[in-house]
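What follows is the residue order along each chain.
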Amino acid sequence: MTNVLALIETSSTGVIANTAPALIAAAAKLGTPVAVVATQPGAGDSLVEQLGMLGAQQVYIAESTQVGSLLVGPQLGALISATQALEPSAVVVANSIESRAAAGMFAARTRSGLLADVVDVKTDDGGAIIGVHSVFGGAYTVEATVSSAIAVITLRQGALDERAVEATPSVTTVSLDVESRTSAKIERVHAAGPDSGRPGLRGAVTVVSGGRGLGSKENFVLVEQLADALGGAVGASRAAVDAGYIEQGSQVGQTGITVSPQLYVALGISGAIQHRAGMQTAKTIVAINKDEDAPIFDVADFGIVGDVFTVVPQLIAAIGTRSN
Amino acid sequence: MKIIVLIKQVPDTEEERKLDTSTGLLDREAGDRIADEITERALEVALRHKDGNKGSEVVVLTMGPLPAKEALRKALSMGADSAVHVVDERLEGADMALTAAVLAAAAKRTGFDLIIAGNESTDGRGGVVPAMVAEHLGLPLLPSLNSVEITEVSVRGEAALDIGSLTVSAELPALMSVTEWAAEARFPNFKGIISAKRKHVETLSLADIDLDSAATTTTPVLTTSQRPARTAGKKIVDDGTAAQELAEFLADRNLL
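Read top to bottom, the protein sequences are chains A and B.
Under the numbering used here, read the first sequence as residues 2 to 325, first letter to last.
Under the numbering used here, read the second sequence as residues 108 to 363, first letter to last.
Treat the hints with care, since some could be wrong.
[Said to hold, decoys possible] For lysine to any residue, the following SDA-like pairs were computed, each having C-alpha atoms within a straight-line distance of at most 20 Å:
#1 A:K291 with B:T258
#2 B:K341 with A:Q263
#3 A:K291 with B:R180
[What the hints assert, rightly or not] Using C-beta positions, here's what the derived DEER-type ranges look like:
#4 B:T258 with A:R182: 17 to 23 Å
#5 A:G198 with B:R334: 31 to 37 Å
#6 A:R182 with B:G340: 53 to 59 Å
[Said to hold, decoys possible] Stretches of chain B that chain A covers, calculated by requiring three or more beta carbons in the stretch to come under 8 Å of a beta carbon on chain A:
#7 164-171
#8 174-186
#9 345-354
Honestly, the hints are just simulated from the structure, not real lab data.
It should be emphasised that the depicted structure is a prediction, and the values quoted were computed from it without experimental measurement.
The beta carbon of each residue, even a glycine, is placed where N, CA and C say it ideally should be.
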């Protein structure tokens with residue numbers, strides 16, 4: 002089996018990001034999974050056991066004092082160093098902002114084909130690597146392959162549920178020389194804002210979104226209350242964002258965030274194409290809207306024609322009763 | 108300062124978008140094509156710098172078939188000074204790697220101090236082309252900036268990464284991509300629309316740009332299939348018991 006690199010993301014405090022399990026699982030589907038991580042000197046050893054539990058057969062630690070002060074460069078350097086040492090057939094990274102930047106630069110540097118935002122990976126009978134894409138809000142499935150020696154793959158967060166078998170990894174530690182001229186400098190890491198205790202939209206298992214039907218910013222709290230009752234993330238339609246009920250970063254849709262949760266609840270959302278394209282790959286869709294002709298009902302597994310201000314409080318109460 | 112803004116024409120997100128399942132290519136007849144909103148926001152970032160710094164120049168650059176010129180015209184009417192359009196039959200079906208190599212070669216030919224792109228297009232959503240262009244040109248990349256500060260010698264901004272928010276900076280020349288938070292795009296006014304007609308659109312073919320000989324499409328599409336449309340499930344009119352029924356539905360599916 003050929004080596005397949007999985008680029009592991011760590012937080013500024015050195016904690017392994019929650020994208021790691023799916024990345025290692027994807028790498029294991031294509032070959033021998035090697036976890037590649039850029040760390041400060043000496044900081045990698047504590048990650049090895051955890052990466053082994055996630056299925057990494059080898060951990061490649063690239064150490065540099067520039068980790069945390071240069072953006073993307075250390076991760077790119079780690080991938081290039083591991084590629085020279087291990088001749089992988091593929092490199093798998095999270096489709097996150099920093100990792101996909103490293104993947105794009107790596108692919109351009111090595112003249113490799115890049116399959117972006119895939120939801121699954123596999124090989125054909127001849128061993129060729131195939132990426133499965135979900136396009137235009139899940140309306141199409143596109144399978145593509147790579148004709149270059151290395152396939153570079155960015156994996157959509159939350160898309161792959163599989164997990165690799167636990168392993169006891171071998172460890173390689175190298176010292177990394179990062180090109181500082183071509184890397185942006187990290188001037189400051191901002192303290193996280195007040196923690197709402199809610200999961201982020203991307204990759205959330207449950208999403209509750211509100212639309213123009215909520216009527217006001219004050220009323221939008223109803224969406225948050227149901228999200229909290231379900232342990233979910235809060236989203237919104239573009240109309241709700243444009244009306245100022247909630248900030249732009251919560252927008253679900255083709256020009257906002259695309260979500261693919263187990264459960265999506267749409268409150269007071271009509272369901273324009275723009276919005277549906279951002280949520281219709283959810284496993285189960287629930288819609289509550291007083292307009293019985295709202296297009297959102299065409300994609301809902303359970304639709305209620307009714308007043309959100311009546312139905313939602315009753316639903317929250319019913320959920321509370323059940324969890325007691 | 109000379110700023111290049113990367114513009115992309117995409118299918119209108121307000122309409123149904125289609126792929127041709129036999130070729131895997133976009134069905135261009137299926138709906139309207141517009142300048143991607145995120146690239147208009149990237150242009151707005153450049154135009155704001157130009158507004159406050161006379162003598163700055165903003166060039167919009169796109170690669171795409173002939174009708175993509177409409178997106179450049181819109182950008183010119185918003186206030187860009189000139190446009191570059193790379194159009195060549197051999198680029199039909201170009202993947203991200205080839206697209207990035209072409210854009211980088213065209214940018215090099217045009218010259219720049221700063222390149223601004225949208226963080227990800229609404230059609231491909233890959234979000235990797237800006238990084239690939241930066242790598243081809245040996246530039247530092249400032250990805251997905253929510254806010255932008257441009258000086259004569261440097262760029263700085265806040266990048267909201269998935270694992271926390273950072274202030275990042277780089278000396279020019281550099282390449283930045285921006286998110287929808289960075290700027291709200293302006294509308295073209297009458298004067299802008301009239302003056303756009305007189306602005307120069309340079310049309311380049313592959314023969315005109317110094318393309319890396321290794322640049323080629325490396326990600327052939329194998330199959331394209333349409334997923335069956337979702338069908339409507341149960342729909343009830345609330346008579347006071349709907350919430351209870353919904354709670355039971357969710358419990359049955361282990362969603363509570």
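Going through the hints against the structure:
1. A:K291 with B:T258: 51 Å, violated
2. B:K341 with A:Q263: 18 Å, holds
3. A:K291 with B:R180: Not OK: A:K291 and B:R180 at ~42 Å, beyond 20 Å, violated.
4. B:T258 with A:R182: 17 to 23 Å: For A:R182 against B:T258, whose Cβ atoms are near 18 Å apart, the range 17 to 23 Å holds.
5. A:G198 with B:R334: 31 to 37 Å: Since the Cβ atoms of A:G198 and B:R334 sit about 35 Å apart, the hinted range of 31 to 37 Å holds.
6. A:R182 with B:G340: 53 to 59 Å: Given a distance of about 56 Å, which is inside 53 to 59 Å, the answer is holds.
7. 164-171: As far as the region 164-171 of chain B goes, the hint is violated, because 0 residues have Cβ atoms under 8 Å from chain A.
8. 174-186: violated (count 0)
9. 345-354: Per the Cβ count (6), the hint holds.
In terms of the numbered hints stated before, the structure departs from hints 1, 3, 7, 8, listed from lowest to highest.
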